[in-house]
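One-letter residues, chain by chain:
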Amino acid sequence: MLRLTAARGGRLLARRPMAALTPVCSRASSHSDGEVSGSVDMSRPLYWNRLDTPLPDKAFKDVLNAEDTALKQKEKGPWGQLSKEEKIAIYRLAFQRTYPEMKQSTGEWKTVVGGIFIFLGLTGLVVIWQSLYVYPPRPRTFDDEWQARQLQRMLDMRVNPVEGFSAKWDYEKGQWK
Amino acid sequence: MFRAAVRLSVSGVRSLTRVQPGCQGALAARCYSHGKEETDEEFDARWVTYFNKPDIDAWELRKGMNTLIGYDLVPEPKILDAALRACRRLDDLASAIRILEAVKDKSGPHKAIYPYLVQELRPTLDELGISTPEELGIDKC
Chain B
1 MLRLTAARGG
11 RLLARRPMAA
21 LTPVCSRASS
31 HSDGEVSGSV
41 DMSRPLYWNR
51 LDTPLPDKAF
61 KDVLNAEDTA
71 LKQKEKGPWG
81 QLSKEEKIAI
91 YRLAFQRTYP
101 EMKQSTGEWK
111 TVVGGIFIFL
121 GLTGLVVIWQ
131 SLYVYPPRPR
141 TFDDEWQARQ
151 LQRMLDMRVN
161 PVEGFSAKWD
171 YEKGQWK
Chain U
1 MFRAAVRLSV
11 SGVRSLTRVQ
21 PGCQGALAAR
31 CYSHGKEETD
41 EEFDARWVTY
51 FNKPDIDAWE
61 LRKGMNTLIG
71 YDLVPEPKIL
81 DAALRACRRL
91 DDLASAIRIL
101 EAVKDKSGPH
111 KAIYPYLVQE
121 LRPTLDELGI
131 STPEELGIDK
141 C
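From first to last, the protein sequence lines are chains B and U. Per the numbering used here, the first sequence runs over residues 1 to 177. Per the numbering used here, the second sequence runs over residues 1 to 141.
Hints are not guaranteed to be accurate.
Covered stretches of chain B (chain U as the covering partner; in silico rule of three or more C-beta atoms under 8 Å from a C-beta of chain U) [claimed, not checked]:
# : region
1 : 43 to 56
2 : 80 to 88
3 : 129 to 138
Think of the hints as simulated: they come from the structure by calculation, not from any bench. No residue lacks a Cβ here, since even glycine has one placed at the ideal position from N, Cα and C.
When you get a sec, could you build the whole thing from the sequences and use the hints?
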């Protein structure tokens, strides 16, 4: 519970997601959505994770070490000779997230709802403080005795005697109709 | 001001009574202003030809696939077959697997479409040595 609150606070104050709380199948959780933290060079081909645009302008991993380069070489041969792990590695070089990973829920809604409640709560505290320290004293016209005398005065001067207020008062019996 | 408003509304009415060209056919799926409507077969043939280009380059593959996925349809197996073969010519296994993921996603709630596509593409997949996302275990999270 405390961990969750700290995480939500972390999300509000800092923009890096907490690795411990991201869903099980997240990869490279220090980056989100294939974006580099900081400015992106928009003059170069970009990588993206989008369901509606399956093939981005560049592969996810551009800078290949020796192992990856060897794998890419093997890719030029018959694909039937690649093992499952090699095929997955080739896929991961080109793409950061699979379709199921892109579609997974993020739990962001918890942050949003939590933030809403926090701010509603803070606002409530402000309202309470205000009603204690800012409002002027309660006008005497709200007192029960004053209200009763006011009501009697309205009846005495026959306010709205045809269809409204006094019309509903039975003057003979001295009670409401 | 009122008179001006009446004048504007009168001119508006007049322009509405002018006959709008096209979009009259009851069966027209698209509203062309002129020319014939492309049939499904013509559409498929056009895309198969696109991907069958022997010296297709990586950009054209990406452009073609992204455009195709943008349409409101799931591509026919023959189009996907041509696209997968284009991936093979470009030595791009990752894109081939991505294409399979994309068409599964395009099927949306119609769960029967993707298994049908894989069934139709099975000879090609075996021939080229392309594993489906399910076979690689990346279809689950």
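Item to complete: Starting from the hint list further up, note which numbers the structure goes against and sort them upward.
Response: 3
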